[in-house]
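Asks: Here is what each chain is made of, one letter per residue.
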Amino acid sequence: MSKAENYAVLGRNFDRFEGHDKVTGSAAYVADVFLPGMLTGRILRSPLPHARIRNIDTSRAEKLRGVKAVVTAEDTIKKGWGVFFPDQYPLSVGKARYVGEEVAAVAAIDRDTAEEALELIDVDWEELPAVFDAAEAMEPDAPLIHEEKENNIALTIDVVRGDIDAAFKDSDLVVEDTFESVPQWHSAIETIGSVADYSANGKYTVYMNTQTLFMARMRLATALGVREADVRVIQTAVGGGFGGKSCDDNNAMVAAILARKARRPVKIINTREEEFLAGSRPRVNMKVWVRMGFKSDGRIRAKHMRIIADNGAYSGKAPAITGVAALRHDTCYKYSDVRSEAYLVYTNKIPTGAFRGFGNPSAEFSVEQMMDIAADELGMDPFEMARLNAAEEGYVSPHGNRVISCELRQCIDRTERMIGWKEKRAERKPNRGLGMGCTVHVSGKRHFGDYDGSSATIKMNEDGKAFILSGEGETGQGHWTAMCQIAAEELGVPFSDVAISEADTDLTTFCLGNYASRLTYVAGNAVKNAATAVKEILHETAAEMLECDPGDLVSRDGFIFVKGAEQRSISVADVVRGRQFRRGGAPVVASGSFDADSVSQDALRYGNESGAYNFGAQAAEVEVDPDTGHVKVIQYAVASDCGTVIYPIGAEGQVEGSIAQGLGYALIEGIRMEEGRPVNPNFSDYRLASMRDMPDLVHEFADSYEPTGPFGAKGLGELGMDPVAAIISNAIYDAVGVRIRTLPITAEKVLRALQEKKKNGG
Amino acid sequence: MKRELVLNVNGEEHDIEIEPNRLLLEALREDVGLTGTKEGCSIGVCGACSVIVDGRLVSACLTLAAACEGKKIETIEGLAQDGELHPLQRAFVQYGGFQCGICTPGQIMAAKALLDHNPNPTADQVKEWMSANLCRCTGYYKILESVMAVVEGKVDEGGQGEAVREARIQSLYKSDTYKSDASD
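Chains as they are written, first to last, in our numbering: chain F, 1 to 762; chain Z, 763 to 946.
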């Protein structure tokens, strides 16, 4: 059922839909949008982590020749916006809460003029005490960042399932430890940017490199105080998203406010430094204490987690991310009794937010190390322990997540074989070690309103080519190609006979966009449903033309045949023309919708959060240099259960990219902050892995079929990222006997731990 | 104060007027109108703005436009000839050497600079050379595969590359391997 060869189009690689544009330099990214009369916008940012604004004097800037608009909060409706808590403003109202916050902005005829004007804006600051550490911010005497938020706590979670005290008493082994992650920047090679235009009849048109078009529109409408239909958002080519372009930042808001005042289009492209200061919202850093109880045979009996998550100065998606960190991993293994406490705390730093994994990497960095620690204590093989506890078909997590398809055990088996676990363990080499871990992710999540769906429209051209109208948008993962494949498969036309629209809020139906590994599963189902509806129309007309019953028709390779009498056929193009060009003619067009069978979590955070769950196992072999602490990843193995693979190159690319980002998170990526100010906001100091840093990577997809997915497919995009850091840490422990509990695992930390171990006679 | 400048880009002369402190990146994108060269880090470490000037790979974000007068500038827009993709471009499409595509013009120009000087580099030489071009999407595996496909003459000139694809599908599922293991 899951075999690719059963399909005409699925499971095959085609030239990526937008591929030729991208390799020839003709794909238009937001920086490539030039409108007549367009101005350059630049933003004045807070130089202080926490400060009251006594006064802003913009008069000198306004007088500079070439300046067309200067704006402050006085040019806004001063209405807070934010997906969960409306605590952020496009431009500071009253005070600034982090270094980099947008305070004022200028639109001018060129960048030099705009930058000169910024220097002519006089802000009278009153510096306030600031707090940078989430745990310190919870102390009673900590300065309050939002006056109404007691102890700076944005959100508290305390979920108890089962009888946690009895479960720990019933455990044969109890282990506990604390792990700490750091913010990770998306570091998309393209920074966030926008071009905003404001027309005389009061409509905003905003070109954005966003992942989430309609949510961008919703937030723009809220912050600008207009109706949603008064804002048109058009997605340009997007130069990397990973969550960072899901619109929790102010770039487009400010561009729109400037455009309205200047009555000319305004372009604002973040500099790389701005991207680190106030652009993409970095991964939520968390301190995670976890205690786990096990039976002597290795079965998990109880788990208790306490998370302190750093929200930064404003709440973007961190409230949802904290919820995921607290609960998601309980879908990976079979749990009965768990307690999860979490505190999301404001600090005077850049707001944190969505990054591939969405809280899961911090949780897995702790839990997947606890599994390793417990296996070690029990003298068990970690793969055996994972197999014993692995979720399976029909499992319902303590929080209500219902697992339909699950090939986690198959992934564990494949990973064990690919990394050569048994062989390498039998013949151990000095300073080499192996580590493994498992992971789970969703295929869409019911976060935003009681809707976890998608919709698409397909219209047929008179040449027989299908055109998909979808507002989900492409951010580089290959979504467009996968959607064209799904439509082609369902319609029975060649891949080359399907095209897909750019995302544009005025021209497509409502779509949630790129997050939560949702597109293949959720949008794929919507596209498939639209294709089914179109096929019905085609068959209806074809039946008239072929004088047969519509139920007797099949579509293949762009033709519609009568079953059993295949010489009786007609091309799709002829059918489309036949329906259009006749008295009472009509176009062949239909829409499809899909809303996943998930539910919004209740007040106690119970509820099946996604329509399908994807699973994976991974393992690493590392070599540690005992003299320097340097960790070299020798080999990395990944097995992923994403159901049917629709677009193999795209799917492989998601795995490969996830592992690269995961290894960066594990080993090298971190930023030094001094008084809330990043001291290395550039790619020279915030180092990304390069080609020579990548280990040998082997990966496979499980034979798997998700009954609720389009042709059996489910999500994949984030899965690979989640467990990497824990697995590297487990492998380092296996190699040299030291465990690193804070990210990133730098050579310095490993070396210090080795020296400590030596001192203690280890 | 703007000055007149002639830039030879992809074999064509462009007369532009530009401030002397302007970068080649800005001149190409804003004055010549070729936006295929991208800005990534602005400090010459990410390689997104890589172009070839008189046969040498340079970062257009660190190079003054005025310093390129009288030199031959090659950008991504010059690679495809008469609508036919350059073998490197075909290889990147065929082997999935890009996702979001923002670093891709720089990756392809860097690879071209390497192959212009050394048509037969080893995989290690490619890795070393291409390590000056950052990519956040791919993990580099498919970029390496794409470049090596050109080196090894494995770029399928025949369109969809059915054979390559079949091999990929086989290696992806490896079902038999798995089943023989499971039956043990």
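Honestly, I wouldn't trust all of these hints.
Once the Cα atoms are required to be at most 27 Å apart in a straight line, the calculated DSS-like pairs of lysine-lysine come out as [as the list claims (entries may be wrong)]: (1) K63/F with K764/Z; (2) K429/F with K261/F; (3) K334/F with K63/F; (4) K889/Z with K632/F; (5) K95/F with K78/F; (6) K429/F with K757/F.
Note that these hints are calculated values from the structure, not bench results.
Asks: Against this structure, judge whether each hint is valid.
Replies: For each hint, the structure was consulted:
For the hint pairing K63/F with K764/Z, the CA-to-CA distance comes to about 23 Å; that is within 27 Å, so the pair holds. For the hint linking K429/F to K261/F, the alpha-carbon distance of about 68 Å lies beyond 27 Å, and the restraint is violated. Taking the CA atoms of K334/F and K63/F, the gap is near 67 Å; set against the 27 Å cutoff, the hint is violated. Distance check on the hinted pair: K889/Z and K632/F sit about 16 Å apart at the alpha-carbon level, within 27 Å; holds.
With a CA separation close to 12 Å, the supplied pair K95/F and K78/F stays within the 27 Å bound. For the hint pairing K429/F with K757/F, the CA-to-CA distance comes to about 20 Å; that is within 27 Å, so the pair holds.
Consistency note: the structure conflicts with the earlier hints numbered 2, 3.
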